[in-house]
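Okay, so the sequence shown: first residue is 1 according to UniProt numbering, each after it adds one.
It is worth saying that the hints were derived from the structure and are not from the lab.
One thing to keep in mind: the hints can contain errors.
Here are the simulated EDC-like cross-link-like pairs (lysine to aspartate or glutamate), alpha carbons at most 20 Å apart as the crow flies [unchecked claim]:
#, residue 1, residue 2
1, 272, 414
2, 210, 232
3, 101, 114
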Amino acid sequence: MIQASIITIGDELLIGQVIDTNSAWIAQQLNAIGVPVKRRVAVGDTWDAIWEALDEEGKHSDIILITGGLGPTADDITKPLLCKYFNGKMVRDEKVLAHVKHLFEQVFRRPWIERNAQQADVPDTCTVLFNSVGTAPGMMFEKEGKVFISMPGVPFEMQTIMREHVLKLLPERFKMAHIAHRTLLTAGIGESFLAERIKDFEEKLPSNIKLAYLPSYGMVRLRLTDTGYDVDAIEKEINEQFAILQTLIPDVLVTNIDEPMETVVGKLLLSKKQTVGTAESCTGGYIAHLITSHAGSSGYFKGSVVSYDNDVKTDLLGVTNETLQTTGAVSEETVTQMVKGALQQLKTDYAVAVSGIMGPDGGSAEKPVGTVWVAVGNHKKITTQKLWFRYERKRNIELTAINALNLLRKFILENS
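All chains should be built: construct the whole structure from the sequences, respecting the hints.
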């Protein structure tokens with residue numbers, strides 16, 4: 001079966017200054033056309049490191065995709081290195097040159113200097129993959145039956161070259177397998193307990209179907225994968241096994257589609273033509289951010305009150321001073337009143353409220369760092385939940401948001 005390697009180039013990746021999102025995106029696209037990624041490698045901006053990576057990945061994979069190091073500055077060494085690696089010489093591509101000039105003169109409106117023209121220089125041993133949205137073209141080389149493709153490190157430029165060229169070229173050169181995935185999302189059960197519940201199912205799976213556990217933020221995704229060349233047979237077999245799997249965990253199943261919790265909640269609200277708003281203290285608007293990160297959320301999300309300070313809780317949400325003084329901001333009473341205030345102020349069908357201590361400071365013996373109260377409700381009923389988290393601030397916030405959305409999901413299902 002055809003396999004691929006991804007090489008990402010840049011010192012900034014190795015020191016953590018920039019997060020490598022390119023290789024994740026590329027892997028997803030390759031998987032969709034039937035090319036499994038065997039290895040992902042990040043190397044710095046050094047000649048030896050890049051050269052060795054090309055040698056090594058050429059041994060393991062049929063397709064080697066490379067991103068980074070194609071700019072016009074001295075530390076961008078990928079292009080001259082590839083020229084030497086594939087025994088070429090630099091030539092100027094007139095189509096690329098005209099495009100680069102157009103970008104600088106008509107789009108960027110910046111002065112033209114000779115250094116910019118160097119972007120149009122490419123090895124004569126490559127096939128140029130035109131970059132319609134940037135200055136650095138992609139380049140494809142072939143060596144001993146292997147295909148090497150170099151693309152810019154700028155994500156939207158790389159993605160454009162992938163869509164316009166790479167994903168069309170690869171199926172023409174290689175016989176692609178069919179890779180089928182089925183993913184479901186569970187919540188309210190730990191990975192080990194989940195594994196115990198489906199132990200017999202996992203043991204009886206056909207050898208060609210793989211089961212993966214993907215835990216994250218208090219949830220676990222289960223993914224079945226089957227690979228081969230008989231599309232109909234693969235789809236039939238994986239659908240049968242996926243259907244069986246769902247019957248084993250109905251009480252913890254959130255969705256049988258690979259989608260995040262906020263999308264599940266959004267679809268649920270849309271289907272019922274209902275709306276929600278949030279009253280957030282410790283999450284600082286993060287729940288609202290998750291919801292509104294998805295197109296179409298205006299159809300079910302009205303707004304948020306980020307009541308970080310107690311005065312805002314009192315003035316905008318109607319939390320009483322007596323409640324704050326007797327039970328505190330992080331309490332069942334406070335989040336209950338926050339829900340009532342949000343329903344009134346935002347005029348929604350549902351509201352979710354959170355208040356907690358995210359850390360690293362602010363905890364006490366009675367309410368240690370990681371203590372969170374969540375409330376969800378409508379105009380008839382309110383449900384609350386107390387949570388305890390033990391992580392750093394960022395993860396505590398993320399866990400609070402996901403758990404609050406899941407509580408909202410269950411509340412809508414039970415009370416509509």
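### Query
Going through the earlier hints one by one, which of them does the structure break, listed in rising order?
The structure breaks none of the hints.
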